[in-house]
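*Asks:* Spelled out from the first residue to the last, the chains are:
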Amino acid sequence: MKRTYLAVAGASVAIIVGACSGSSTPSPSGGGGGGGTAVKVGIELPMTGGEAPNGVPTANGVALAIDQIQVPGFTVTINQQDDALNGKHDPNQGAKNLQTLANDSQVLFVVGPYNSNVAQAEIPVSNAAGLMQCSPANTAVGLTKGDAAKALRQTNPDKIAYVRVATTDDNQGAGTADIAYNVASAKKAYVLDDTQTYGKGLADGFTDAYTKFGGTILKRDGVPDSTTDFTSYVTTAKSLTPDVVMYGGVTTSGLGLFRKQMAQQQLATIPFVGGDGIVDGSAATASSFLNIAGDGDMNSYGTVAAIHDIPNPDKFASDYKAKFSSDPGSYSAPAYACTQIFLQALQAVGSGVTDLAQLREAVRAYVADTSHTYDTVLGKVGFDANGDTTQHTISYYQYDSTSKDWKFLKQRDFTAEPVQ
Amino acid sequence: MTAMGARLQTPRAFLDRHQSLSILLGAIAVTLILPVVVLLPPFSGFGTQKDFVFGFADAGVYVLLALGLNVVVGFAGLLDLGYAAFFAIGAYTYAYGASNFTGLFVPFWIMLPVGAFVAAIFGLLLGAPTLRLRGDYLAIVTLGFGEIVPVVFLNAETYTNGTNGITGIAQPSWYGIFGVNGFGFTNPWPYFISIVAIIAIVMMLLYRLQDSRLGRAWVAIREDELAAASMGINTVTTKLLAFSIGASTAGLAGVFFSAKLSSVTPDQFGFTVSFTALAMVVLGGMGNIWGVTAGAFIIYEIQSQGLKQLQGFIDSLGIPAFTLGPITIDLASINFLNYQYLLYGLALVLMMLLRPEGLFPSRRRVRELHEATPDDDAIVTPADDI
Amino acid sequence: MTTAAAAEPQAARAPITLGRWGTPIGLAIALVVGYLLMVIGAGAQGQEQFINALTIGGIYALIALGYTMVYGIIELINFAHGDVFMVGSFVSWWLLTTMGFSGPINDPVVLTVVLVIAFVVSMGVMGVVGVVIERLAYRPLRNAPRLAPLITAIGVSFILQNIIFVGISNSIVPSPQIIPNPLLTIGPIEIRLINLFVIVLAVALMVALHLFISRTSLGRAMRSTAIDREAAQIMGVNINWTIAMTFFIGSALAGAAGVVQGLYFGVTVFNIGFQAGLKAFTAAVLGGIGNTTGAAIGGFVIGFIEVLAAVYGYGRWSEAAVFSTLVLVLIFRPTGILGQQLADRA
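Protein sequence lines correspond, in order, to chains P, X and D. Residue numbers for the first sequence follow the working numbering, so the first one is 1 and each next one is one higher. Residue numbers for the second sequence follow the working numbering, so the first one is 1001 and each next one is one higher. Residue numbers for the third sequence follow the working numbering, so the first one is 2001 and each next one is one higher.
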C-alpha cells in the first residue's frame, strides 16, 4: 500500500508538473552576431516579489548590452535565473541557480547576484565550477577581502571566479563619513542601520571613517528592517541634537519613511546621509527615497559606489528608455558594464575557439587577470587581485530642490585619497 | 471498509509488518527511479538531470523537516508554529563545529548526531514553558520562539557573526568510498544519496516510535489529554519527548542544510520556513509518515519548479488574447511569476476546503473527519478510497 | 468575549480582586509606570516618547480587537486579519487619492467630512471583505480540526497580499496625510494633532465596541456564542449571522486601523500586514484572548515595549523584546493579563 502511495505521489508529480510542459526558463533572446558559436550569459538576480524593483532593471541592463554589442563569431543569449523565493532573495535558491548555470555548458559568464548574502552562498559554487561571476551591486567587504573571502573560495582558493564593479562598503562608508564631516560640517552623528548585511556594513564603515576624521558618534542603534514606526527613533534624534543623522540601509527598509517622520517632527534641518540604497530615483520616481520622504528631502545626501563622470550618461538612459519604456534603475549601468566586460573578454580569447569548457575557463582567466582593463559605460574598469574593481571612487549626491532630484556634488577616489 | 478496502488489505498488511523493509525498498526505489524519471519528457524540458538531483537534495531537507514536525503536530497533536528555530539551531551548530569561525573542523557524520542532540536539548528548553498551555496558546508561544531565535542569531554578533552569518563551512566527505572525498559544489549525487539515507533511517526510527508505548502515549494525549493523564500517562515527559524528538530531526536537517550551502545566515529561518513545513505536514497527511514524506516532496517541487514553469507552459500554448465582455484577457502578457503567491494561497485554501485530511491521510484521520456527526455546514465528502 | 466585570466570578485565578475598579486602577498604574520609564530613558523627550507609544499602541489595539473577537467566537487564529488591515490602508489611499487630496486639509469642515467618508468607506469595505472571507474560507471548515482553517487563513493572507502586489504596487506607496500637523498644547501636555486624533479615535472605537458588546442584543448573541455555541443556538441565536457580524466588526476595526496607518505614517506597503498582524495578535494574547478590553491593553503594552526598546538603545532587539514579553506572560499567567477562562474544552 505504501508503495502504491509512492506511485500515486510520483504520478501526481508527473501530472501536475507535466501539465506545465514548455521551455525551462523564459529567455529574452538577444541579438548576436550572425551565426557562430552559441553561448550564453547567465543572469542571477531577484526578479519577483518585493525584490522585483531591484532585479528587473538590473537584468534589463544586461539585455540592453547583448542587444547593442555584437561579438563576431558568437551568438550570445541569456539564461535568466531568479533567486527570489516567496518574494525574498534566498541564498539557497541563489546557490541552486548558480549550479544550474554552471551545468549549462553554454553559459560562460554570470551577471549577479544583487544581494551580498546570496553572493556568500554562490561564490563557493562559481569557484568550484570555474564560472566567472560579475556582481553589479554587492558591496560587502568580506566577499573579496580577507580570510572570510578566502574561506569562501573553498575548492580553489587561488582562483578568482567572482568580481564586482561596485566598490566595497568600507569605501562607501568612508564616503558617507566624508560628506557628514566635511561637506555638512557635522561633528556629532546619530548612526542607525537596518540590521541587514549592506546597511550594517555601511554604517560600520561610516563609524570607522568618521571617528578617524575626528567626529563623535552620539548613539548607534539598529532598526529592524520591517519597521514602519520610526517615531521613537526620531524623537531620540531630537533629544540627542546631532549635527547629522546617518542611516545605513535601503529604501525598502523604510529609510524614506524615517526621513519623512523627521520632517514631520520639524527635524528636516538636520542633514541626513545615506548610501546608494537611497539614491534610487528622483522625487517623481514611484517609491524612491525622495518620493517617500517628501518634505524630508531637503538636506539629504547620498552616495553611489561608482564614478559619476561616466562617458555619455544621457545616451545610456535614452537607449534604456527606448527599449524598456522606463527609466534605468540604479544598477542597470553596472550590469551593462559587467556584460561589456564579458563581451570584451570573449572577443579577446574567443577567436577560433569552439570548445565551450575551454571558452569558459579562458573567459574566467582573462577577467581575473589584473592587467586587463575594459572600456565600459562606467568608464575604464579593471580588477585587482581580489576581484574588486580598481575604481574606488565614490560619488556624492545632494538633493536639489529645483530639479527635485539628486544632484552630483563631487567624487572622491579612495585609492588616491584614503582616509587616514 | 468497503470491498475495495479489503482487497487492499493484504499488501498493506504485509508492508505494515515489515516497515523497515518497505522503507529500505522505497529508499532504493527513490534513488534509482527519480533520477531516471527526470530524464524523460516532459521533465527533461525543465532542466538537466544534475539540476533536478540538486533540487532533490534540497527537497530532502524539507522532507526531514516535515517528518520532524509530523512528530510534534501529527503524532502528539502539539501545534508548533516556530519549528524553524530548531532548524536554525542545527544549522548553526554545524557552523560552529566545522568552519573557520571557531576553528573546529569536526567531520560532518559526527556533527549529525551532535546537531540533533543540541537541537533536542533546545526542544526541551523551549518546550518546557509550554507544558501548561492549551492548544492555541502553545501555538503562539512556539511562534514567538520561532521569531525570537533568528533575531538572536542576527543581533548576537560576537557569537554568531550577525547578519553576515558564518561562511566557509566544511563540506561532508565520504573519505574515498566510491571514489568520493569531499562532496564539493558541483556534484549533486553524494548529497542526494546521503539525504535519502538519512531520511530512510529517520523514517525507520519514527515507525518504531509510532508503534512503541511512547507513540501510543502521544496518540492518547492528542485525543484527550485529561483522559490520558488519568490513565497514568506522564503528560509532561510525553510532551517534552515529542518536542525534543521533533527538534532533533530539524537539527539533522539543519546540519545537512548548512553543510550543503557552506554558509548560514539568520534570514533563512523565518516564519516562511516554519509555515512551509506545517503546510507540508497538513497537506501531506498528518500522522502518516509516508504521506508526509510524499507530500513534502510534492509541495517542495511545486513551489520551486512548478510555479516557475507555469509561465513557460502558458507561453508555449500561445493562446491569443480573447475578450469577455468589457474585459480583454491576454494570457501571454501576464507574468505568472508575479502571481506565485496568489496561486500558492489559492491552492492552500482549496486543498483545505476539499480535502482537509491531506493527500495521504492516515486511516485514523479519515475516520475522524468523515465519520464525525454531520453538522449544518460541514462539507461531508463520501468516504474516500484509502 | 466578556467584559472585565464578568471576569470577577473567576476570581479564584485572578489576583485582581478590587472588583470593577480593578482594571481601571491597574491601567492607571501601568500608565504611570510607562511614563516614568520613558522619562528615565529619554529625559526631556520622555513625554513625547510616551505619546509615540500610545499612538502606535492604539493602532495595534485596533487590529488586536478584531483578532480577539474572532478568536473568542470561533477559536480561530485569523492570520489573514493583518492583511485585512493592509488592504484597508490601500482602500483609504485609493479613496483619498481619487478624491484629489495629497496634503493636509486646513479647513476643519472639509477635513471632518473627508475623514468621515474615508473611515466609513474603508471600514465598510473591509467589513464586507471580512464577511466574504469568512463565508468562503472559514465557514466550511467550522467543524474541521483546528489546523485546517489556520492553513486556510494563511492561504487567504497570501491571496490578499498578492492582489495588492500585482494590482497596485510592489513597493512603498505614499498615502495622503490629510490631517495637518500643528503642535498643540493642552495644559502641561504637548501633543501633535495627528497623535491626539489617533489616540482619541482608538479609545473611542474601543469604548464603542465595549458598549456594543455589553448592551446590544447582537453583542449578547456574540457573547453567548463565544461561551457555548450549541446552547446559544438552542436559545434561538442565529449562529451564522452572529459569526458573520463578528467578522464584519472585527474587519471594520482593522480597516479603521488601515486608514490611521495612511494618515499617521503617510505610506503603505503590501507586506505590512504580516508583521502588524503578528504583533497585534501578540497583543490580543497578552491581554487575554477573547477579552476585548484585554486586547486593547495588550496593544498599548506592545506599543510601549517597542518604544522603550528604541529609547534605551536596544532598537535591534525590539522584536525579540515583544515576543519575549509574550512568552514570559504566557508562562507565568497563561491566560493573559486579564485572565480569561474560555468555555470548557478538553
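A couple of the hints might just be wrong.
Pulled from the structure, derived: some chain P residues nowhere near chain D, Cβ distances all over 12 Å [to be verified]:
1. Asn-54
2. Ser-232
3. Thr-236
4. His-308
5. Gln-347
6. Gln-398
7. Ser-401
No farther apart than 16 Å at their CA atoms in a straight line, the calculated lysine to aspartate or glutamate pairs in the EDC-like style are these [said to hold, decoys possible]:
8. P:Lys-187 with P:Asp-208
9. P:Lys-88 with X:Asp-1211
10. P:Lys-321 with P:Asp-67
11. P:Lys-407 with P:Glu-417
12. P:Lys-404 with P:Asp-225
13. P:Lys-238 with D:Glu-2190
No wet-lab data here; the hints were simulated from the structure. Just so you know, even glycine gets a beta-carbon here, dropped at the ideal spot from N, CA and C.
*Asks:* Next step is simple, just say for each hint if it's right about the structure.
*Replies:* Against the structure, the hints:
For P:Asn-54, the non-interface assignment is contradicted: its Cβ lies about 10 Å from the closest Cβ of chain D, within the 12 Å cut-off. The beta carbon of P:Ser-232 is not kept farther than 12 Å from every beta carbon of chain D, the shortest such distance being approximately 4 Å. For P:Thr-236, the condition that its CB be more than 12 Å from all CB atoms of chain D is violated, with the nearest at approximately 6 Å. Listed as outside the interface, P:His-308 is consistent with that label: its C-beta sits roughly 26 Å from the nearest C-beta of chain D, beyond the 12 Å cut-off.
With a least beta-carbon separation of about 38 Å from chain D, P:Gln-347 lies farther than 12 Å from that chain, consistent with its non-interface assignment. Against chain D, the non-interface label of P:Gln-398 holds: every CB pair exceeds 12 Å, the least being about 22 Å. Against the 12 Å criterion, P:Ser-401 stays outside the reach of chain D, whose nearest CB is about 17 Å from its own CB. A hinted pair counts as satisfied when its Cα atoms are at most 16 Å apart, and P:Lys-187 with P:Asp-208 qualifies at roughly 14 Å.
About 41 Å separates the Cα atoms of P:Lys-88 and X:Asp-1211, which puts this hinted pair outside 16 Å; it is violated. Restraint check for P:Lys-321 and P:Asp-67: satisfied, since their Cα atoms lie roughly 14 Å apart, inside the 16 Å limit. In summary, the hint linking P:Lys-407 to P:Glu-417 is not supported, as the alpha carbons are separated by about 23 Å, beyond the 16 Å threshold. A distance of roughly 27 Å separates the Cα atoms of P:Lys-404 and P:Asp-225; the hinted pair therefore is violated under the 16 Å criterion.
With a C-alpha separation of about 15 Å, the suggested pairing of P:Lys-238 with D:Glu-2190 holds against the 16 Å cut-off.
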